[in-house]
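Protein sequences appear in the order of chains A and B.
Its first residue numbered 1, the first sequence is counted upward by one per residue in the working numbering.
Its first residue numbered 1, the second sequence is counted upward by one per residue in the working numbering.
Treat each hint with caution, since some may be false.
With a cut-off of at most 25 Å between alpha-carbon atoms, the simulated DSS-like pairs for lysine-lysine come out as follows [as the list claims (entries may be wrong)]: (1) A:Lys50 <-> B:Lys442; (2) B:Lys140 <-> A:Lys10; (3) A:Lys93 <-> B:Lys75.
Only part of the chain B face toward chain A is listed, based on derived beta-carbon distances under 7 Å [stated by the list, open to error]: (4) Pro91; (5) Phe94; (6) Pro132; (7) Gly171; (8) Gly187; (9) Ser249; (10) Gly256; (11) Ser292; (12) Ile343; (13) Asn357; (14) His364; (15) Ala449; (16) Leu452.
Worth flagging that the hints you see were computed from the coordinates, not collected in a lab.
Using N, Cα and C, we set each Cβ at its ideal position, and we do this for glycine too.
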Amino acid sequence: MNLKPETLSKIDEVITHYPTKRSATLPLLHLIQEDVGHLPPDTSEWVAAKLELQPINVLEVITFYPMFRQKPIGRRHIKVCRTLSCALLGGYKTCATFEQEFHTHLGEVSPDGEVTVDFVECLASCGTAPVVMIDDELHEKVDGAKAKQLSDQIKAEAKKR
Amino acid sequence: MPAPEQHRIIFKHIDEPGYTNDIGCYLRNGGYEVLKKAVSRKPEELIEEVKKSGLRGRGGAGFPCGVKWGLVDRKSGKPIYLIVNADESEPGTFKDRYIMHQDPHQLIEGTMISCFANNVKQAYIYIRGEMPHGARILEKAIAEARAANFVGPNILGTGYSCEIFVHRGAGAYICGEETGLIESLEGKRANPRIKPPYFPAVLGLYQCPTIVNNVETLCHVKYIAEHGGAEYAKIGTPGNTGTRIFCVSGHVQRPGYYEFPAGTITMGQLLNDVCGGPLPGRKFKAVIPGGSSAKILRFGERFKGKRKVGTELVDYDWGVEDVPMDFDSLGMIGTMGGSGGVIVMDDTVNMVEALANINAFYSHESCGQCTPCREGSLWMKKITSRMVHGQARNEDAALLKSVADQIPGRTICAFGEACSWPTQSFIAKFGDEFKQYPETKKTAKPVDAVALV
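Please build the complete structure, drawing on both the sequences and the hints.
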């Protein structure tokens, strides 16, 4: 595991928040995923050693929570809300638009490596449906046209790089 | 009758131009004055005020907050923990998001008052993983409050100390269930615990007495500490005190969040007057009144019975539009007020497809611990999904009902009920649509039809 020094210091700090080290499992996994982009294969062993657990105690957590991923994703992560309120206002079309724009399928890295599109459950912003999260940013009222516009924006940013 | 005016006490500053989420703005608006007064009072007095207020939890179950606090084991000698349930994830619910993003100090002040009242030395805010900004905003707000001595050691020179940490979830709905949340906070899979013996008030976080309160509930506590329980109880109706925030989504002209004195507004006033009615050229067909697990109501059906008004029993005969939006009235007509998430569907929606969407959610979110829920939610999803995408059969409605009926009461937590109520109620209210679905599928869909699953 090759983590940035600031990640390592954040890890040591967050462990002090809890009376038992095991409680820091989720925070550590978040920090590693933010640093590396995903949870590499040695994550379970590394976290287990850090928190004095068995690797299975960590692996079972990684596989339970949908936000933890064991494989790399595209440079940008597009999460479209699938649940009822968003679906009622066109969430499925929004999702399909992103898939078409990046020639990709749900859960896969797009051929240009730019994005991974996921269809996720309720993002708790049902009043501004359909909603989409791109990395940490919430985008509201994303109909097909706005999905196209956001896709163009991502493509333009990719070109600049 | 026109709808009453909004009465914003929790959402007072939400969307207010110029209002920012830093401590300076909060202090300019009278922030932390209530905490300053509260820490000079006896903790028992504060608990008494909350009991007097009649405050019911805003997370979904509507359990009286004062009773919850009264159940806490204070004799064990173990530390008492308080957990803020900020895992807002019941589909249709989006109120806590705005409190945390726009007015985080209101939550922190309410939390600190509740901690002081219950002699809590350590609190955690469990925020859902999909709100990374919310987590950062709360962390910054806690740091500001700590610097101002409202959080941390020796608060305001009283000798009382209490720390708050933010803990992020990672996308699992079941973490909203309080014992699942506790397991998750302990660093495990969020498999809910069986009650008894694991009542959080006695054997909660780290097997210590624990209070788990919703974000909005704790903001109400702040208001109660400021104005007194008796004053608070004057807002709303007896048994449903204070205000309620309704989150309206789906097919209405003006979806959004609206705060009203509890029990003073009817479904019809909320949807027609406040939210502007149905979209042009459409008619309301159905509404789910309290988050997606609440039982659905069909426009056109009527509810008759007797209810208590004061000490008298009076007859009621309501259409969906006439139902007062409070815990008890919605309970009487066989559904629930839940978390205040109102999802509206109009006449363009096919109920089989809407149910297939909901079933996909619950089957994805079942923790997998109890067989009836793990398998049942999956089967219900597979059946409704096959009806939509594959072959629909005449006997599907009966099959769905038989699966749904075998889940509730046979699981460790209330998810069993939550995942079966949609299927049970959709089939009870829209059974005709399920029976006709094999025929419906033969007719071509309008080109602008919206896919739900």
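Exercise for the section: Of all the hints given earlier, name the ones this structure violates by number, lowest first. Expected result: Checked against the structure, the hints that fail are numbers 1, 3 and 15, while the rest are satisfied.
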